[in-house]
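> Sequence:
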Amino acid sequence: MANLALKKKADSIASAKTDSIRLDSLQKAKITYTPFIFPAKKKDAAMAKFNKEFSEEERYTILALNRLDFKNKWRADTLAIPDKMDTTLMAYTPFPAHLEKLKPVKKIVIFSYPIQAYSLYENGNLIKWGPTSMGKESAQTHRGLMFANWKKELAISTVDSDWKLPYNVNVHNSLGIGWHQYDLPGFPASHSCLRLLLADAKYLYDWVDTWILNKGGGTVKANGTPVIVFGDYAWGGRKPWKKLIDDAHSNDISVEELDRVIEPHLGKILDAQNKREQVLGEPSNVQY
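Numbered by our numbering, the letters in the sequence shown go through residues 1 to 288 in order.
You may find that some hints are simply not true.
What the hints assert, rightly or not - In the SDA-like style, the derived pairs of lysine to any residue whose C-alpha atoms are separated by at most 20 angstroms in a straight line are:
hint: 1; residue 1: Lys-106; residue 2: Leu-280
hint: 2; residue 1: Lys-43; residue 2: Ser-55
hint: 3; residue 1: Lys-103; residue 2: Pro-264
hint: 4; residue 1: Lys-128; residue 2: Glu-57
hint: 5; residue 1: Lys-106; residue 2: Gly-144
hint: 6; residue 1: Lys-107; residue 2: Lys-221
hint: 7; residue 1: Lys-106; residue 2: Gly-267
hint: 8; residue 1: Lys-103; residue 2: Leu-266
hint: 9; residue 1: Lys-239; residue 2: Pro-94
hint: 10; residue 1: Lys-242; residue 2: Phe-50
hint: 11; residue 1: Lys-73; residue 2: Ser-55
hint: 12; residue 1: Lys-242; residue 2: Thr-32
hint: 13; residue 1: Lys-73; residue 2: Glu-53
hint: 14; residue 1: Lys-73; residue 2: Asn-123
hint: 15; residue 1: Lys-242; residue 2: Ile-37
hint: 16; residue 1: Lys-268; residue 2: Ile-212
hint: 17; residue 1: Lys-128; residue 2: Pro-94
hint: 18; residue 1: Lys-239; residue 2: Ile-156
hint: 19; residue 1: Lys-239; residue 2: Ser-250
hint: 20; residue 1: Lys-239; residue 2: Thr-34
hint: 21; residue 1: Lys-239; residue 2: Ala-139
hint: 22; residue 1: Lys-49; residue 2: Arg-75
hint: 23; residue 1: Lys-107; residue 2: Glu-277
hint: 24; residue 1: Lys-239; residue 2: Ile-253
hint: 25; residue 1: Lys-221; residue 2: Asn-173
hint: 26; residue 1: Lys-128; residue 2: Val-261
hint: 27; residue 1: Lys-107; residue 2: Val-279
hint: 28; residue 1: Lys-106; residue 2: Asn-123
hint: 29; residue 1: Lys-221; residue 2: Leu-280
hint: 30; residue 1: Lys-73; residue 2: Phe-187
hint: 31; residue 1: Lys-103; residue 2: Ile-228
hint: 32; residue 1: Lys-107; residue 2: Leu-270
hint: 33; residue 1: Lys-221; residue 2: Asn-274
hint: 34; residue 1: Lys-71; residue 2: Tyr-60
hint: 35; residue 1: Lys-128; residue 2: Thr-210
hint: 36; residue 1: Lys-49; residue 2: Tyr-60
hint: 37; residue 1: Lys-242; residue 2: Phe-70
hint: 38; residue 1: Lys-275; residue 2: Gly-217
No lab work stands behind these hints: they were computed from the structure.
Could you build the full structure based on these sequences and the hints that come with them?
Laid out in structure tokens, this is it:
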């Protein structure tokens, strides 16, 4: 027992050290942004220059930071261009690298309405983040705590049957809200769902845990991965990512802010996690 306790302590120290190093490396990655302008009367020429100046991977990265996909790059008027390229986007994260409050939570997805971005955390460590396009002003995405329910590799929209939704994960069954791949036009544009780039939608589809239903499928036996949507978008204001040109930290979300978002839901999240582990027959070591 003593040896086991020592091993657990050593593992905990090693994990904390890894987290500290990762946080330090992210903090040291100082990024600055410059504008790339597309004049209305010379947009084609500017786009040709943009395509020539940056590789396909670099263009993908730049557009993602500006909440655009390749299909919608023509919508650009001014792009924020980072001085260092990181195709994982992790060097540009607006989310904290570590959240101690989430250390007992195995998995969670957090969507920020103000900066139109999502983040994935495992035991309090940020593992991925990316752009999204959430509900437009007249059809805003539901805020608060939800859980991943069912998923379908290719779903059909209930709003318009012509809309195909790859890698759809439902997070609010009665409201029909989910995340999936669809156009990222550089602003909140959906009918309340959470749009993602194709690669991100596939990653989340494979990563997320879905609900477990009781026999017959009529009731939920255990919830899937928790999902929190928070904040308000500055409708009609300057797009937040364009502010990066003036201040590279303008989109940053502090640990304290996320702690305030998470705290009211933490008990329910951990209860759901414990219940899921019991259903799956896994040991639970969460204490709170």
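> Determine for every hint whether it applies to the structure shown.
Results for each hint:
1. Lys-106 / Leu-280: The given pair, whose Cα atoms are some 14 angstroms apart, holds under the 20 angstroms limit.
2. Lys-43 / Ser-55: 19 angstroms, holds
3. Lys-103 / Pro-264: 16 angstroms, holds
4. Lys-128 / Glu-57: Within the cut-off at roughly 17 angstroms; holds.
5. Lys-106 / Gly-144: Holds, at roughly 19 angstroms.
6. Lys-107 / Lys-221: Within the cut-off at roughly 18 angstroms; holds.
7. Lys-106 / Gly-267: 14 angstroms, holds
8. Lys-103 / Leu-266: 11 angstroms, holds
9. Lys-239 / Pro-94: Cα-Cα ~15 angstroms, so holds.
10. Lys-242 / Phe-50: 17 angstroms, holds
11. Lys-73 / Ser-55: 14 angstroms, holds
12. Lys-242 / Thr-32: 12 angstroms, holds
13. Lys-73 / Glu-53: 15 angstroms, holds
14. Lys-73 / Asn-123: Judged against 20 angstroms, a Cα distance of about 36 angstroms means the pair is violated.
15. Lys-242 / Ile-37: 11 angstroms, holds
16. Lys-268 / Ile-212: Distance of about 17 angstroms is within 20 angstroms: holds.
17. Lys-128 / Pro-94: 11 angstroms, holds
18. Lys-239 / Ile-156: 30 angstroms, violated
19. Lys-239 / Ser-250: With a Cα-Cα distance of about 11 angstroms, the restraint between Lys-239 and Ser-250 holds, given a limit of 20 angstroms.
20. Lys-239 / Thr-34: Given that 20 angstroms is the threshold and the Cα spacing comes to 15 angstroms, the pair holds.
21. Lys-239 / Ala-139: At roughly 19 angstroms apart (the allowed maximum being 20 angstroms), Ala-139 and Lys-239 satisfy the hint.
22. Lys-49 / Arg-75: 16 angstroms, holds
23. Lys-107 / Glu-277: Holds: Lys-107 and Glu-277 sit about 13 angstroms apart, inside 20 angstroms.
24. Lys-239 / Ile-253: 16 angstroms, holds
25. Lys-221 / Asn-173: Given that 20 angstroms is the threshold and the Cα spacing comes to 15 angstroms, the pair holds.
26. Lys-128 / Val-261: Roughly 19 angstroms separates the two Cα atoms, so the pair holds.
27. Lys-107 / Val-279: Holds: Lys-107 and Val-279 sit about 17 angstroms apart, inside 20 angstroms.
28. Lys-106 / Asn-123: 5 angstroms, holds
29. Lys-221 / Leu-280: 10 angstroms, holds
30. Lys-73 / Phe-187: 12 angstroms, holds
31. Lys-103 / Ile-228: 16 angstroms, holds
32. Lys-107 / Leu-270: Given pair Lys-107, Leu-270 holds - Cα atoms ~11 angstroms apart, limit 20 angstroms.
33. Lys-221 / Asn-274: Cα-Cα ~12 angstroms, so holds.
34. Lys-71 / Tyr-60: 11 angstroms, holds
35. Lys-128 / Thr-210: Satisfied, since the Cα-Cα distance of roughly 19 angstroms is no more than 20 angstroms.
36. Lys-49 / Tyr-60: 15 angstroms, holds
37. Lys-242 / Phe-70: 18 angstroms, holds
38. Lys-275 / Gly-217: At roughly 18 angstroms apart (the allowed maximum being 20 angstroms), Gly-217 and Lys-275 satisfy the hint.
Of the hints listed earlier, those the structure fails to meet are numbers 14, 18, in rising order.
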